[in-house]
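Engineer: Listed below are the residues making up each chain.
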Amino acid sequence: NAESGDGNPVVVKNNTEVTSSLQARQQNVSLRGKVVNENGEGLPGVTVVLKGTTTGTSTDVNGNFSLSVPQTGGTLVFSYIGYTNQEVAIGNQSNFNVTLRPDTKALQEVVVVGYGTQKKSDVTGAVTAVTSDEFVKGQNTTPEQLIQGKVAGVQITSNSGAPGAGSRIRIRGGASLFASNDPLIVIDGVPIDNGGVSGVANPLSFLNPDDIASFNILKDASATAIYGSRASNGVIIITTKKGKAGEKLSVNFSTQHSYSTVTDKIDVLSGDEFRALVNETGTQTQKDLLGDASTDWQDVIYRDAYITDNTISLSGSYKSLPYRLSLGYLNQDGVLKTSNFERKSLGLSLNPSFLDDHLSVNLNFKGALTESVFANEGAIGAAIIFDPTRPVFQPDNQFGGYFQWTLNNAFNTLAPTNPLSLLKQRDDQGEANRWIGNVQIDYKFHFLPELRANLNIGTDRSDSEGRIIEAANYAPNQYGVQTISRYAQNRENDLLDFYLNYTKELTGINSRIEATAGYSFQDFFSKSPDFNFVDAEGNIIGTPVDGIPSQSHYRLKSYFGRLNYSLLDRYLLTATVRYDGSSRFSEDNRWGVFPALAFAWRISEEGFMQDVGFVSDLKLRLGYGVTGQQDIGPLFPYLARYTRADNTAQYQFGNTFYNTFRPEGYDVGIKWEETTTYNAGLDFGFLSNRITGSLDVFFKDTEDLLAEINVPAGTNLTNRLFTNVGSMETKGLEAALNFVAVSNEKLTWNIGINGTLIDQEITGLSKVEDPSFTGYDVGGISGGVGNTIQKYTLGYAPFSFFVYKQVYGADGKPVEGLYADLNGDGEITPEDKYLYKNPTANFNLGFNTQVNYGNWDLSTVVRGNFGNYMYNNVYSNLGTTQSFSFPNYLNNVSANVLETGFGTYQLFSDYYIENASFLRMDNLTLGYNFGRVLNDKVGLRLSANVQNVFVITEYNGLDPEVPSGIDYSLYPRPRVYTLGLFLNL
Amino acid sequence: VACEQDLDITPEFEVVSSKVYQDFSNYKPILAKLYAGYAVTGQQGPTGRPDIGGIDEGFSNYLRQYWQAQELTTDEAIIAWNDGNLRDLHDMDWTAGNEFLRALYDRIFYQVSLTNEFIRETTDAKLAERGITGANLEAAKNFRAEARFLRALSYWHALDLYGNVPFVTEEDQVGFFFPEQISRAELFEYVESELLAIESELVDARQNEYGRADKAAAWTLLTKLYLNAQVYTGTARYTDAVTYAKKVINAGYTLEDDYDHLFLADNNKSNEIIFPITFDGLRTTTWGGMTYLVHAPVGGSMKASDFGINGGWSGLRTTKPIVNLFDDISGNTDDRANFYTVGQSLEINDIFTFTDGYAIAKWRNVTSTGQVGSDPSGNHPDTDFPMFRLGDVYLMYAEAVLRGGSGGDMATALQYINQLRDRAYIGSANGAITSSQLNLDFILNERARELKWEGHRRTDLIRFNRFTTDNYLWPWKGGVKEGRAVAAFRTLFPLPTTDVTANPNLKQNPGY
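These protein sequences, in sequence, are chains A and B. The first sequence begins at 1 in the numbering used here and counts up one residue at a time. The second sequence begins at 986 in the numbering used here and counts up one residue at a time.
Since the hints were made in silico from the structure, they are not lab data. Fair warning: there could be bad hints in the mix.
Here are a few chain B residues that face chain A, going by a calculated C-beta distance under 10 Å [unchecked claim]:
id, residue
1, 993
2, 1003
3, 1016
4, 1022
5, 1043
6, 1085
7, 1263
8, 1266
9, 1271
10, 1295
Please read all numbers here as calculations on a predicted model, not as lab measurements. Built from N, CA and C at the ideal position, the CB exists for glycine as well.
The following block holds chain A by itself, in its conformation from the complex (with noise of 0.2 Å):
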């Protein structure tokens, strides 16, 4: 019963087809021979094939094999499930007696674990390692793709489709209402800070993908409980690409070329349709307002964009020293016209080991200088609502020949800009650098080797900047000069990490312990100066600054420790615990106990199972944890204290201005969310693991959840406070299942599906019960200020819509103004209106396929989500003939007016939560590998790639997925086709 490691075993070619190709050939020879373990016995099932050719045979239940091969001579290669495949030259023999050696690695390919690692037979929780070979190909800028649709329970959606943009990462759903529900992101053992980075869209994009070895997501709390306070919402390892001790250099090369098309627009009037609309419904004053052109805004806004992406890695080791360098450029243009993000990282790694391997240094280096074009994607929305009648130039005029509307000569500051000034004349521009880096040192005892301590000092530090110029006669420019904002930040997160490890087998009562203690320190601190605003020559504009910057800062100091313990190779038991200490809460609530434990049981390794033939692994794993959140927001929310006003807020008494002070509200009471949870799960492997896979059931109970809740008016210094006084329930069944369904010499097919079933209920929101409490407005929308859709109420999934129950009309449409009187008194209220659906899918799906056929590979991502509502605020805030109707300018209205025909604005109708389930294609890879080239000293792969490729949904709107459930301008995602070059040398 070995195992397997990657789920790529070779299956054995039937015996019929060796005989035809037998038939085939005459010139040949016969070659036999026996395959012994590394116990001597016979292997049975072990693949031979001649290589490079289809060629070959597979041994009997004694480990015999007899081939006929050409005369031509060749190299035999040998292999066989969980051992190291064996290449023997032909030569003159003709018996063959070899021995494979287990493949270490594949038997104990190991899983990173908080503060160590684990063979993954040995892991108790809910854990998914997702290696290089296994990340989705194609252009992939930021790492967070590199697993979407991967893993089940992840949910990884892009927030836009702008370069560099973020995408929001959800492990299990989250375990959050009003706090963060990202999960923990570590790298090469530094917790990184997910705040954001001024001058960068995403704070991962700073990291080359190239250089990610590894992902291991920890998605339960008996796997995250180490990480106790910032575990509630998983955590995601990042391991980096090192180099090999021994190892020669290898090179690697990687271009990749991309074109980016927009492949659809929002369904808006033509300039004729507009015209058409506003001649029929509007009033004379409107109709005196049309223009005679027809202007596709939309086109007008967005470009084909070309990326370009390269990453040279060397790595080797040099003497003793393994080392990895790799540099990477990536330069990508947005399809809305200026944007642009740009990387230039630089990753090294040095991992040398000294005193005979007693100590082993870690030394890694990730950084890059991103420089970023943010377009305005206030263009976006003007896009939209841009009347087509009017051109995009008016030769001459103030605003730099862009047409704006005016009123009275000045530019009419309610209505909208044109859109293609807003990208020309205000150029916004940033620039970070970042970097993280760590050493982290190893040493075994020499007297104790079972003893090791580690030490890890890391630090993740970025400096970045940026300025927004608006054009002297940029029409939202108010000031008739050109203007200058800048802004930097500056920050840096320093970790301390110290942990003894001992690991003992005790053989005698067939166990094996290892326990963990360790030491965790982590300080964040950043700080932005205050910048004033001015013109071309530095001139202040307006208020001069005080030039007091803005500083956030915070400690967290932990104790943790872990025991496991192995029974048999059976049982495995984990236990850990987290001390957690943090700077944001006050001294009696600053100490948090996180406690874990899970139990395991290799039910393949019991005796009664090694006759099941067909189960090559099977293991129960059952987990229990408590962890927390610390991530609340605000710095010292418990502290009494006192901010200062800048200098546009201060107050006049007699002819001085003061800069008030302002007593802040606070809980001194805050502390921690608190999340438990429970997991059951059962890996399994079948027929050799050519099947495998994992269920997991889940339930999280988080308690003490932090909600912003209205304060008995009087009683603090504030009218809202971040408090103790949620509760929610998440429960939760994700399966994963990877089939071999083709292993052969010339053709392999493997699938991968992933379904995950996720439930959120809100099960507290107040600390007084009140059933007339309907809960929290959530959810803003466009289309009058302050609007929201969505209520986190009791009972209900957060961010349930919330809205009135629509009336339709014999004829299927939906009747204006009129909604079903659910509370039966007669009139529509307020309190007609009722809680429907929520944007959170129920089930995930996703599913990967990759076929290699000889040197050719295709490969495969589509990901849908079932049961996710949308509200389509496009149709709601545009969807009538009052949206075209404002003083002195017209809008352009949704094409959806013409089926609702609806006059004035029907904001809260249900009519417009649609069903926003959709299977999409993210990916399609075709590749071809030529194999060595040039005299054998190059290996070269080429391949061609699509990005979402396509999207299956009956949503009425312009893309299915936006994370907030209320779409109304995203930056469409493009279609991305791909070229690119492997070279290894």
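Starting from the known structure of chain A, arrange chain B on it as the hints suggest.
Structural biologist: Here is chain B on its own, set in the frame of chain A:
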């Protein structure tokens, strides 16, 4: 790696409360915040670091919401915007969930909390403990009295608008507890007692720095309290109203020569204004307050540059009965007929159309000499809001006398009224009325002519029993074009659902 690994860190650019009162130089900036609470929305202008949450920051402005509650609910103002439940104010069908009424309520109690904190930290005992003596001690006592005045002002708003509200004083600590509800009449007594108690500690009338409350501010508030006492407590206090109106009138304030100048960017120079909320285009900025009051009424064919701003917001107009208060609406006769009619129709067929209803050109960001305010972007005006001014006190004096208050006389009342009318008629005596014309109806109408859009109308209409009843209708009152009566309980606003939920001691006002 930081060597220091202590979790006991404090913010670098903020002052921990336990230390802030040790240094006397911090007192005035804290006092300034108590005043700024009426003007700005947070510690960063015009937006950012807001004081209160749960609503768009520009909407959360105290003056903006106070003004809307007092004006949009009446014949004086109607607004063309579709924001949330804003329309309900004019339709008079607001519910306890109305976010604008909630924001005002939250603002009122935010001021109460802030002032309580200051009063708690500036008791004689605490001042002595911190070694504050001499001139500093005197100043601190003035500050404390002003904090109590501001608390009384906000509690007056609470009792006028919401009636029966939670009651917290400096005796309560900051924390989480359920305040008791106080009745409207009891709160009246408290506000009255506070104002009387601080009279001696406040700086003499017209002797304090501009922007800060003095004795006259407290007297004016007392006058308002007494004039409305019948509504608040069921017991009339007109004699007291006369008494305190006289104190103000005798304090040396004078009417501004030109009525229009009271509402301009340099109105801080006026000797008529008793208590302002101050604004500055560069240094006291907000999207509420005067920014709202100057921008929101500008639309249609009105030229934004005439108002010293970069563009109008096409929101506020007035209704026909207000226009009809003037025989000549051109402004050529009565200066206060400041209607803008070009392209505007008198009738309001559609609330959401700015050109339906006459606009009012009153608040401007231009000085009396025609200079535009200091903000080069044209967003934020320098214009201050005259919360209390002499003209109002004259009208209150006359009304209190007419309602039977003793200590004053009709002749003086007539003289005060005619001073206002003479000014309005640009110095000519043509506006003067005779004693036979001086009656309560005249007072109500004159208040609208003189004080429209200054935040008094709802209180006035309630005092004259014309707010909810069919005694008086205006377009779109009750949500119908011709206007209709609404239930009498609407003379009080509901306590916001949010607070009724948060505080089990609260009982909702009747009808809601």
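Engineer: Against each hint, give a clear statement of whether it holds in the structure.
Structural biologist: Status of the hints after comparison with the structure:
1. Because the beta carbon of residue 993 (chain B) sits about 7 Å from the nearest beta carbon in chain A, less than 10 Å, this interface hint is met.
2. With a cut of 10 Å, the hint placing residue 1003 (chain B) at the interface with chain A holds, because the nearest CB-to-CB distance is about 7 Å.
3. Interface restraint check for residue 1016 (chain B): the shortest CB-CB distance to chain A comes to about 8 Å, inside 10 Å, so the restraint holds.
4. Of the supplied interface hints, the one on residue 1022 (chain B) holds, with its beta-carbon coming within about 9 Å of a beta-carbon of chain A, less than 10 Å.
5. For residue 1043 (chain B), the interface hint holds, the least distance from its beta-carbon to any beta-carbon of chain A being 8 Å, beneath 10 Å.
6. For the restraint placing residue 1085 (chain B) at the interface with chain A, the shortest Cβ-Cβ distance is roughly 9 Å, inside the 10 Å limit, so the hint holds.
7. For the restraint placing residue 1263 (chain B) at the interface with chain A, the shortest Cβ-Cβ distance is roughly 5 Å, inside the 10 Å limit, so the hint holds.
8. A hinted interface residue such as residue 1266 (chain B) counts as satisfied when its beta carbon comes closer than 10 Å to some beta carbon of chain A; here the least separation is about 9 Å, so the hint holds.
9. The interface hint given for residue 1271 (chain B) is met, as the beta carbon of that residue sits about 8 Å from the closest beta carbon of chain A, less than 10 Å.
10. Given the 10 Å rule on beta carbons, the hint for residue 1295 (chain B) holds: about 5 Å separates it from the nearest Cβ of chain A.
Checked against the numbered hints listed earlier, the structure breaks none of them; every hint is satisfied.
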